[in-house]
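Peer 1: Quick mapping for you: the protein sequence lines, in order, are chains V and D. Mapping to the numbering used here: the first sequence position 124 is 124, numbers consecutive. Mapping to the numbering used here: the second sequence position 23 is 23, numbers consecutive.
Hints are computed from structural coordinates only; laboratory data are not their basis. Among these hints, one or two may not hold up.
Only part of the chain V face toward chain D is listed, based on derived beta-carbon distances under 10 Å [what the hints assert, rightly or not]:
no.	residue
1	Lys32
2	Ala72
3	Cys127
4	Tyr154
5	Leu156
For glycine and all other residues, C-beta sits at the position ideal for the given N, C-alpha and C.
Protein chains: 2
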Amino acid sequence: MPDFKVIEVNQSVYAVNDAIAAETREKLKRDKTFMINLMASPGAGKTTTLLQTIKMLDGRYRIGVMEADIEATVDAEIMQNAGVRSIQVHTGGECAMDAEMTAQAMQEFDTADLDLLVMENVGNLVCPAETDTGANANVAILSYPEGDDKPLKYPLMFTVCHVVLINKIDTAEYFDFDDDAVLECIHRLNPEAQVFFVSAKTGEGFEPWIKWLIDNINSRNN
Amino acid sequence: MPDFKVIEVNQSVYAVNDAIAAETREKLKRDKTFMINLMASPGAGKTTTLLQTIKMLDGRYRIGVMEADIEATVDAEIMQNAGVRSIQVHTGGECAMDAEMTAQAMQEFDTADLDLLVMENVGNLVCPAETDTGANANVAILSYPEGDDKPLKYPLMFTVCHVVLINKIDTAEYFDFDDDAVLECIHRLNPEAQVFFVSAKTGEGFEPWIKWLIDNINSRNN
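Start from the sequences and build out the full structure, keeping to the hints where you can.
Peer 2: So this is what it looks like as structure tokens:
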């Protein structure tokens, strides 16, 4: 079945990808911009989390947002309506942003003029985890309604992320979600992961996440 | 950028894939087995929906289940504990089952001895929609907590499916989900789609879905 040796093709693409991602990180360092790659399942609350985060940063930083979607523009419209500098990236069917697509999209911003750049990746727990975009930090969102078995079933996502936001904690009474079990599973995969329990809807639990973000933005200028 | 012309590679793989999918459908026809490919985001309720469906079919049919996951075995264990003939398929990092992987997995069953074969695909709204597995019908699950904008953002999934189950309607008071808007969007993409509003947890709304399934299983013997 030589037609199915897709793996080798991917590996050669990955090598090119990683070189572009390294260039992106060099540029971000020069421009003193902190960039995060926000990943999650569809509907886990990426856009709402981002809106709440920007609200809590309260105008202290210059922020840019790249909304990646297969083809819709709803998220960029939401950002624009909230007064956030944003662009919509269409992946043309691709299930994740790669480093080349990310670098192309970043040309729409003058990163030297930004403190924080956020890419909201395509909603997906598989493909985005496989591709280095060039961002400084990977942030994954997992929400209560999805269930606490997701790190077990999508281990790569929870292995490559620096931060996990467990979202929709305001719906706790509706869903059986074991906080301790999910923490244990994430830390077994990734002992360094920062895990914060939040509600993007109410803002509950956001303080340590905002502190983590501010510390990282500020460290670019030191 | 010749290294990024992945699309052409995919197209040639798809042609091989579709030929294998057609062979699978021939075999299912000969064996009088109805096969569904169950797709959804992670945590939309695929496994719970399947358990409720099997319970409501009440032993009338011989059922086999293929649980596809990146690497975990939790779903096959749940099925086995519920007394369902099931196997676990590991995709080895691939974000969806293709026709070859499906055909290989089906060899674990004697399909002539099954009325219904269900493949629970990898949790993902993008990749599984792109690949014909050889199943007779694609069934997508979308849950209230994910939001009513998902057909807009992941249109291919809702275009290729025959049935959409809108799940977790028991959580209506917690989430702003516009039933009419989602119906309109799905039917704009796919006028033939059957859409059923259900709660896999409580069984509410399952009757028309079970009737659709029974009609399709029975039609194999006519």
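Peer 1: Confirm or reject each hint.
Peer 2: Hint by hint, here is what the structure shows:
1. Against a cut-off of 10 Å between C-beta atoms, the interface hint on V:Lys32 is violated, since the closest Cβ of chain D lies about 29 Å away.
2. Against a cut-off of 10 Å between C-beta atoms, the interface hint on V:Ala72 holds, since the closest Cβ of chain D lies about 5 Å away.
3. About 5 Å separates the beta-carbon of V:Cys127 from the nearest beta-carbon of chain D, less than 10 Å, and the hint is met.
4. Because the closest C-beta pair between V:Tyr154 and chain D is about 6 Å apart, less than 10 Å, the hint holds.
5. Hint status for V:Leu156: holds, given a least beta-carbon distance of 7 Å to chain D, under 10 Å.
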